[in-house]
Amino acid sequence: SQKIEQNSEALNIQEGKTATLTCNYTNYSPAYLQWYRQDPGRGPVFLLLIRENEKEKRKERLKVTFDTTLKQSLFHITASQPADSATYLCAYGGELNQAGTALIFGKGTTLSVSS
Amino acid sequence: GAVVSQHPSWVICKSGTSVKIECRSLDFQATTMFWYRQFPKKSLMLMATSNEGSKATYEQGVEKDKFLINHASLTLSTLTVTSAHPEDSSFYICSARDLRESTLTEAFFGQGTRLTVV
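Respectively, the protein sequence lines represent chains U and Z.
If you're matching positions, the first sequence starts at 33 in this note's numbering and goes up one per residue.
If you're matching positions, the second sequence starts at 69 in this note's numbering and goes up one per residue.
Isolated chain U, as found in the complex (with noise of 0.2 angstroms):
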């Protein structure tokens, strides 16, 4: 079955280092990921989406890349704060999904900065 994998249930980094977040997929090839950010008790917010002919994508201090050969996503903060504490989630568009156009998404990496 289809799978969408974030390995790090927790990322614990210090303020001013690079957090590094993977994401993995099995058993489908999606044409795109999305990556969203979720605040406690709060609804996800998008973040970047990269399609699967992009290598990478950039946003400020966000950048995403998209390996089809090692099936993975990784999603990096530079120069990371405090603020950026918060749970990441990726998704790709579940084409297999029941009605084929909804966002299935992995269980997600809650990152904590420390200052």
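Treat the hints as calculated values from the structure; they're not laboratory data.
Owing to the predicted nature of the structure, the values given are computational and were not obtained by experimental measurement.
Only some residues are given here: those of chain U computed to face chain Z with a beta carbon under 10 angstroms:
no.: 1; residue: Y64
no.: 2; residue: Q66
no.: 3; residue: T119
no.: 4; residue: G125
no.: 5; residue: G138
Here a beta-carbon is modelled for each residue, glycine too, at the ideal position from N, C-alpha and C.
Fit chain Z to the supplied structure of chain U, relying on the hints for placement.
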């Protein structure tokens, strides 16, 4: 980004009663709305997908008669939890996308509704 408003943000209800949750897209037309459920420290679990004017498509294991979804317009979808029981207590989140031009679009989420059934 676009704004999706979800109400109420929290609700406590008695077992056996029904609760309605509203999801509105405020500044764009949401051709498709999605309802997710999230347990503590778990990912979002897709419950159903609804297209404006059509019946919702439910994921496997989600009871259609228990979770009634209505998507009457391009800006409003509602989820009604009927005859709620304590095991229905959860965080429910709606999401909206405009898929008319492309599926390469982000999803906009509501603030979520914390439902507690006592």
